[in-house]
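When you get a sec, could you build the whole thing from the sequences and use the hints?
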Amino acid sequence: MSVVSCPHPLLARERITDADWEAVAGSTAPRAKAALTEEHQPIREWEYLLHDGSKLVIGVEGDPPDWAVPTFRRLGELLELAPNWDSYGACPINPDHARAAIELLMLVMQDDTPAPTVVPTNRGGVQLEWHTGGIDLEIETLSSHRFLVSFEDSATEREWELTSDFTPLVECIGKLSRRA
Amino acid sequence: MDDYTDDPTILNDADLWRRIPPYHFVSDPTAGGIRISSAAFEDHPNGTPMSVLLADVVAETERGPQDALAGHESFGLAAFTAGLARSCEQGVAREPLADEPAHAVVFGRKTKSVSRKLAKGSRWVVPPANR
Amino acid sequence: MSDMQSPFPDFTDPPVVEVVLGVQYEPLPALRTPQIGLLWSEFREHFPKLEEHAPLDPMMERFGIAGTPRANVRFEMMQKPPVPRCWFLNEAGTELIQVQQDRFVHNWRKVGEGDEYPRYDHVRGTFEQELAIFERFLQKEGVGTLVPNQCEVTYVNHIDAGDGWSRHGELGNVLTLFAPKYSNAFLPEPEEARLTCRYVIPDEKGNPLGRLHILVDPACRRGDDRPMFLMNLVARGRPDGDGVDGVLRFLDLGREWVVRAFAAVTTPQMHKTWGRCDERC
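Chains as they are written, first to last, in our numbering: chain A, 1 to 180; chain B, 181 to 311; chain C, 312 to 592.
Taking CB as the label site, the calculated pair distances span:
1. C:G453 - B:T185: 30 to 38 Å
2. B:R289 - C:E353: 37 to 45 Å
3. B:G227 - C:R343: 22 to 30 Å
4. B:R289 - C:D514: 25 to 33 Å
5. A:G53 - B:G227: 25 to 33 Å
6. B:T185 - A:Q110: 48 to 56 Å
7. B:R289 - A:E45: 37 to 45 Å
With the Cβ distance kept under 10 Å, some of the chain A side facing chain B (calculated, not the full set):
8. A90
9. T121
10. G125
11. V126
12. H131
13. E140
14. E152
Hints listed in this document are in silico derivations from the structure and should not be mistaken for laboratory results.
All figures in this text were calculated on a predicted structure; none of them were measured in a lab.
Beta carbons are placed, not taken as given, at the ideal position from N, Cα and C, and that holds for glycine.
Written out as structure tokens, the structure is:
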């Protein structure tokens, strides 16, 4: 399962008529291979052993911002938690929720946003928290595509469910980055 | 949750203890070092209410905070008052168990706001070790 | 502002060769390969053929995000074979159902020259029935509950060279969106041209609900290498309400956007070729 931003909507050929046509030969290449920006990007990977014995690999390619690697590694560590990790019957973390958290962060974080604290929830989700600059921001994964966002500063206190419109969260992250 | 009734014999200033796993310690310089994540104050994943220990019942059975953490030495122990829980529209009810007479529940809808108020209003009884 | 009040475009001979209606839902971990095999038995009478394919990655239309991350992240579960995407095909190969852990899709396609597009109402009705069977199956087998999070309507059009155009550089004869009006006389006709654009589909309150993607690419027909344009219109977005009703509401809205947009971005000349017959002819 790759986390890719801005995918071409029809990259996955799920149409049965795809067999009826061929792309035109000699089509313009999307990238020029001699360009400097195509230099080889480093890849780093970490492996985690989940409680059910399956293995998870988290890899980062390119030049990630400072917050990314420690955050992704922390998510991987939390995925290794066994059931009842909180002594009150907590569920192990659902890999789909961890992936959702990574995807969310890649979409909304700025390079200079401080890294979140990542905590597990007892229902198998993860919660990303920032408490800095007079701001309390928490984002909890409710499912693979739904989040509960809670933002509080001296002037505002709001909570909302996030599905597809990231505008208010991007504003909150912007405030957080400026005040950190 | 409909089966529980708030118990007025649990006074508002009664301390309720909750074990906090190390995964719910959050670094916060403005809060004096380590604060507790709101994620530590949720109902059970199966829907039953949040478990706590009644500090006075623990004392009556001649036990202390370290007994509440037996087998969970890396955990911390947090306390909040029954009054705080009730101010968040929660109820507090005794639910003694065979192996834990001090067991009680905090019942009521645990919105994010409720969990955060409980986290903010809690104090350490046994703080995180070596931090 | 989108004009949804004008007469609905209608064509007697549209270039549509495939229509896809689909719903993406929260992953159902208990919907594994054996369960999909059991599900096939619910459809096997009309869909006797089975194929396995790699699962599709999840797709979500998101709003309010700018820029591209400068790193790619890979998140891969090892030692756990992925549950395949299974195709249930009818005997004629004109229809199929696609099922995976987080997606249920119905495709109609034109196979022979005599195959006529059965119209949206028929395809939609079929999809609704099949989705109901799927939901009942999930409940009966204890697999889980369908929680839709995205819906998709795709119209695939094959626009063959012939009336109105003969070379891939003549995209402007097909699309109103493409008109090579240069600032000087330096450049000749393009060797080929392609176009991608997207539009936000709002809900009743004006909030973003989904997107319409229009993609036009040059291609050649297999067999005779006849030039063609592949024109895909994809309306994708979140359900407009809860449950299956919310899915169907988005599909209906998405289809309206697809058809109205198709009429808007193609030229009157091509409309004549396709037999446009609504009030604005």
